[in-house]
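Undergrad: Take a look at the letters that make up each chain.
Number of protein chains: 6
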Amino acid sequence: MLKQKSILEFSFGDETHLFLLITKIEKKTTKTNKEFLSLELRDISATISAKMWEGFEVFANSAKEGNIVKVDCKFDEFNGTPQLIINRIRVANQSDNVSHSDFLPRSQRNLDEMTKEWNQIVEEITNKHLKLLIQKIFDEQTKEKYFNVPAGKAWHHSYLNGLLEHTLEIIKFCKTACDIHPELNRDLLICGAILHDFGKTEELTYESNFDYTDKGKLIGHIVIAAMRIEEKSKEISGFSETLKNQLIHLVLSHQGKLEFASPVIPKMPEAIVLYHADEMSAKSNAYLSVVKNDRQGNSNWTNFVRLAETAIYIPPTEEN
Amino acid sequence: MLKQKSILEFSFGDETHLFLLITKIEKKTTKTNKEFLSLELRDISATISAKMWEGFEVFANSAKEGNIVKVDCKFDEFNGTPQLIINRIRVANQSDNVSHSDFLPRSQRNLDEMTKEWNQIVEEITNKHLKLLIQKIFDEQTKEKYFNVPAGKAWHHSYLNGLLEHTLEIIKFCKTACDIHPELNRDLLICGAILHDFGKTEELTYESNFDYTDKGKLIGHIVIAAMRIEEKSKEISGFSETLKNQLIHLVLSHQGKLEFASPVIPKMPEAIVLYHADEMSAKSNAYLSVVKNDRQGNSNWTNFVRLAETAIYIPPTEEN
Amino acid sequence: MLKQKSILEFSFGDETHLFLLITKIEKKTTKTNKEFLSLELRDISATISAKMWEGFEVFANSAKEGNIVKVDCKFDEFNGTPQLIINRIRVANQSDNVSHSDFLPRSQRNLDEMTKEWNQIVEEITNKHLKLLIQKIFDEQTKEKYFNVPAGKAWHHSYLNGLLEHTLEIIKFCKTACDIHPELNRDLLICGAILHDFGKTEELTYESNFDYTDKGKLIGHIVIAAMRIEEKSKEISGFSETLKNQLIHLVLSHQGKLEFASPVIPKMPEAIVLYHADEMSAKSNAYLSVVKNDRQGNSNWTNFVRLAETAIYIPPTEEN
Amino acid sequence: MLKQKSILEFSFGDETHLFLLITKIEKKTTKTNKEFLSLELRDISATISAKMWEGFEVFANSAKEGNIVKVDCKFDEFNGTPQLIINRIRVANQSDNVSHSDFLPRSQRNLDEMTKEWNQIVEEITNKHLKLLIQKIFDEQTKEKYFNVPAGKAWHHSYLNGLLEHTLEIIKFCKTACDIHPELNRDLLICGAILHDFGKTEELTYESNFDYTDKGKLIGHIVIAAMRIEEKSKEISGFSETLKNQLIHLVLSHQGKLEFASPVIPKMPEAIVLYHADEMSAKSNAYLSVVKNDRQGNSNWTNFVRLAETAIYIPPTEEN
Amino acid sequence: MLKQKSILEFSFGDETHLFLLITKIEKKTTKTNKEFLSLELRDISATISAKMWEGFEVFANSAKEGNIVKVDCKFDEFNGTPQLIINRIRVANQSDNVSHSDFLPRSQRNLDEMTKEWNQIVEEITNKHLKLLIQKIFDEQTKEKYFNVPAGKAWHHSYLNGLLEHTLEIIKFCKTACDIHPELNRDLLICGAILHDFGKTEELTYESNFDYTDKGKLIGHIVIAAMRIEEKSKEISGFSETLKNQLIHLVLSHQGKLEFASPVIPKMPEAIVLYHADEMSAKSNAYLSVVKNDRQGNSNWTNFVRLAETAIYIPPTEEN
Amino acid sequence: MLKQKSILEFSFGDETHLFLLITKIEKKTTKTNKEFLSLELRDISATISAKMWEGFEVFANSAKEGNIVKVDCKFDEFNGTPQLIINRIRVANQSDNVSHSDFLPRSQRNLDEMTKEWNQIVEEITNKHLKLLIQKIFDEQTKEKYFNVPAGKAWHHSYLNGLLEHTLEIIKFCKTACDIHPELNRDLLICGAILHDFGKTEELTYESNFDYTDKGKLIGHIVIAAMRIEEKSKEISGFSETLKNQLIHLVLSHQGKLEFASPVIPKMPEAIVLYHADEMSAKSNAYLSVVKNDRQGNSNWTNFVRLAETAIYIPPTEEN
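Protein chains in written order, with my numbering: chain X, 1 to 320; chain C, 321 to 640; chain Z, 641 to 960; chain P, 961 to 1280; chain B, 1281 to 1600; chain W, 1601 to 1920.
Derived from the structure by calculation, the hints contain no laboratory data.
Mixed in with the good hints there might be a few duds.
[Claimed, not checked] With a straight-line Cα cutoff of 16 Å, these simulated EDC-like cross-link-like pairs (lysine to aspartate or glutamate) come out: (1) W/1634 - W/1654; (2) B/1572 - W/1654; (3) W/1857 - B/1589; (4) B/1514 - P/1191.
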């Protein structure tokens, strides 16, 4: 794991060497017709603009978004915002021993532990058709994407392994619900939980930045997952049409309301449980992460949170 | 085509023979424990309740919803509503020369003419991948369903061949739009129009009554169509992923807004054109059919139309 | 516990003796100026209208809503709806050995077990001020009401002991959330859960029918609970103002949105968890109880559920 | 037509002569009490701020918004935004041979052609009262305004002759609808289309900038048109009250919903057709113009479009 | 004023003579092909259905909705609802000394007193153009309609003279506002109040029943009033365009929000005052009249009031 | 009362002495690690940023938000916004003869006059329990807060004594309503008006700035007032439960709709009157104050007003 000072810790005028990840790269021209290289770079904590005025031509021809680079730079500012002036730049090579995950936030939970938990859950599915479906969908390559992808761009679990962490939380709430209501179809509910956000593996990129793919914007993760279930269940002999429709229904309805982009609303007890388990996991993660990261000055409140439609209260700690 | 007096034209006390279609059938018991057969029957214009008190046991064991029957009956009433008392009943046989379409409303447009129009439209698609996709999706059996199914249960084009009539209208509006804006992708738009309500072939039944299937209620015609495009395009070598995503996008977004059950909103000029062409066809058909069929008494207005949120005005005809 | 045939099981013309609970009672006059006694009566499964034409004067002067009566009656019908014709009626006495709970639905969970669970939860509160507050609010009389009252009039947990059952479910979900997120203030969250619907003890009556009190309609259970916390916390020396505000906030915001009658929206992680735990418990209970009790004919669907804005799907049982 | 380099093509420091249109003009004082002239100027492609520090007194006394001026200027910048420093300025005179339309965007369609089309449409109206009404409303002066005015300030057809272009498109869709549904009142629908946005001739200014008039903001184009129809139809002997009410209804309801500022919703088939034809023309123009003019960087998307609530997708051109 | 027993006070089987007003009249045929006359009749308190089986032919040829008739009838019932069986019927004549206002509810306030109050208010307008406009609009015939018409069909001030009573109340609130804020344009505000619902004189009929006219449904009272102001102000030399626009703005915006059918929202202090004064008068009248007339049984509540979205509380009178 | 030039009247470079109120104070560090004192200061008309670079250590240790200070300063600017550079600063002392109200806006109405009016209103309450309740709630300290507090942070009556001015206006409208409708419970309505915004005394701070307290954000003024009424009415022997519930209902419902944060909607005529009287006072004050203070340039319009969803029209004054 890369050890270097965060770009938030440098001061105006500092000169240093840093490994950074390119999130945008473009050649531009000043109003006075001078060409320069404009970049957006990130380390694990933040993003910063950068300019390179000389000697960038060769580099610019081959470098692209998603490359890790080593820069020799100076901290400057432009219109009151910090920016880097780059003297020298090169793409990182194997001997630099850095990887993308040195530049992107990652779940605090241990990945091996989460993987084991997830495998255990799949193991416990008793309906053989459902279990087989999960195994067919999750080939090695898909599993790797699914275990890595964040659950979203910015709101909740928006870090590497975030979808996995989120899914495991949902399953905990679903299991509590099944303990209370044994009449729920546990296998169906667990599989619905595993697959509900599966489409995010194609909806999001997380190589250099967390962002939406064109396919994600045009189709959305909900329908992507439905199409995959349809496709893979057809390969399983004896997979009941009725069961397939229920599973697709759980995935389609898991955002709970049409205006939240679900094309059908929950029409089964398992579907309504899945919707609320998803909400519970998403909102508690989101609110707690705002509390941790976004206090407004030294007040008892965070900054205004658009998706919560409020600032969040942080009680003074001296309470007993 | 069956020729018989409409059930709306009989009077209390009339006795007659009629061919009718069973839409519901159930054995029931009176409060005094007498068993009887309760049916709902329809001819092409209306639906009527019926009761049979004696000699129905053998018939009841084999008959089911969707059967055409010949009844020997008397017009009675119950709580102010007309009902039939059945003396004798039997399932129609081949020599009776009746078919389901004698009992279900049908488009006023000629089916052959519409079929020809539709074939012509497919013929004119210039993108070979798109044309091939349409041909693959529309095998003979699918085409038959698609040409027969109504466009909906009750609101617009809710009669046999209704989806076809509706689709042809949409395409007319889309062509007008392409004439105005040559930069629109005509092939994409036409294929989007052809497929936009394709899923209704699985969402609706129209054998004995127009109603929703379980699959229709759990998944909906929009996602059904998307899954079919995904499946069939994979069978076409060289079918571009980008093109497929656009076509699926047109289908998914054709209801225009999330709250109308589209999981994505229109994000392409072709998608917004398709949405408005669909609206234009649906609403003009719906309003005109209310005007034709639902005048309130002798007023200048129809009855209140829930989906229009108003009654519709019928101007006095003496105007010049 | 009273053992008698349900009023749903009798047929037209049956004569019998029954214990029933009065939910409405009024003297009325026919159009021809004849006085009669009009009642609404219930047993544990249903409600029925009743008329008494003779000899009701003495009884009518003393009887009132909420009385248990023994009736000598005949099953009749009026406008197609069953009703009772009463020949003789008297208020039940002690030797009849019947009580209100023979006529009102009750949680399927064992009350003693639930009480023990609840006591255990209170026992585990570690903040001494919060624990003391709970103890002060729940004097014996209040506890009895709280343990008996339904959680609502009709939607979820709408039976005796329903509020208790509902609260215990919420706490289970809250505990799951605390296991996932140790940074949540567990004591605050548990006390919020215990008190969130406390006001229902004054908002609802459940003596003869489940209904709203005038106070319930004018003020609502949310503000009733807030006022009680304010009052009782003032009696506890050293109870921090900040803590009190947080607890009241959890109660006020637990319906999650202004349009659901919360005067403030959740502004703390604990508040958002409580809101979703409440939703999860309420909705899963409501959907499952519709599935159990409200199948539409022999279809795979329940009747339309207004609060769910849909019918609920009941999958055919032969699925594997 | 004026030929000069666009103000978007100059660089910092360039000095030049330009004809520009004044969109705002005001004398201001710096914090150090120095007087200067502050202007906003436009050419056909963009708007730019300008300052003049010396020798503006005489000019400032007579010049006003809407004047075309010739400036001797230098390209400077202020807070990162380009601005002009003016050395000399004078109002353009006849010999300069420039006119307002050199500074305001204009429809791509040929005006003569559109005029002919419009005249033809009026010619084809068969109801003599309606035809006479159109002729009365469109005296020469009104016609000139109507043919020139944009259809809006910024969203769709927001250029000179825009209302005319928009109206002709709507009529095309209306005619398609009449072909499908001969029972529509074609004359009424065409006149409704012609007059639906007529009030924009008083709602908007387009002399120096496209903006709303006070009357436009206080009354709106919908009611302005209704008042004109009321006024002019009274001058036509035998113009039926019923027909007038229908025509006014079409104008009033053409925005389709109360929340879109129509004081009544469509209550006639012709009214619903007009509403959707208007939407079709407006939205397809708006989306296509965003695609043409507002790509975000080198991505496959335009910038976010507030009125569409999304960015618009621009498919990569290599698709076949 | 007519003195006769209310139709609500008769019992089944009673025979009597009554003067009643025809609100609907139609010849119908029974299922057994017998012709009869079907009527809806009203006295001042209620409406009742009526049938006449014999000897109605001559009467039916001339009688129509809005006629006052004298009937020789018997109180019967049909499907549980009271109806009249008519033996003889004739149109009332002058010597019967009855008039429409004997059959329609009327304001409790004295009409002369209200007229005087209204005249006084007009007298006090100081702006001579505005005063002249009011005088021009209110010719004798118009004034009579305006003084008679109800303010609505059912919700508030829905009785003869209701619009006048409502307008006078609004003006009282406006005057209070002017006392608090002398900067308000009092003349403008008063004239806005006088004219805000003026269009109801054409939107509503109140001859035989309170109902909407076709014009009312197609155009609405708001635009009707605007058109009249436009027309009449043109006849006044020197009437400022700016002032006219403000007055029309007040009328157009007086329902406060687009979704309440105002085509513009209030954009002046006077407009916002008028909107709230209108609401205050309408809602207090509506709520108090429900309290007076619509108690639910012997509860402390009225029946549910759809437009208030609640039942209204009627406190027990023993309170001090 | 303090007499000094407004901070809006100084120019860049001016040096002066001023008394100002601290609204924010914080030590900060430049990017080059230099410590400085950052302040936000206000006089009665505006707020300004300030920096002090030297000699602030002692002062910074004791000074805090809400202090009045005397500063020796120079008018500078930063990023185009004026700011002060402070040379010397000290906390004001008694001999300076300045007070907070020299720095915060205040109602234009005379406080003594308003106090007298308020006392008179309380005097006129005839229900002895209600009058006693008002007297108990308004002890001297509470009365002082209530008379001083603004009615809000920014929208209407947002100045010292604003709540009092607002309350007196509401009562005027309520009295007009009582004159029209003598059946309204005048005492209840007046007390509801007095107490409706009472909670703002705890919801808002107004010492140095108008802002929300933590309690205000977590609980809100509506519930704060309800809790106080509950508490104080319990101290009054014989205070009827029914009356108390009504009074609390008026307070809780006075914002009229759930989405405006009232936990119950108005369910009494008095409640609906109070809601509309509150709206009338708030909106007329807000619109008129925008007209007075926020004209956009030299146009006939104010700037856009977010809460009114429009700009407000200011008619040209030459109208007659």
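Undergrad: Which hint numbers doesn't this structure obey?
TA: 2
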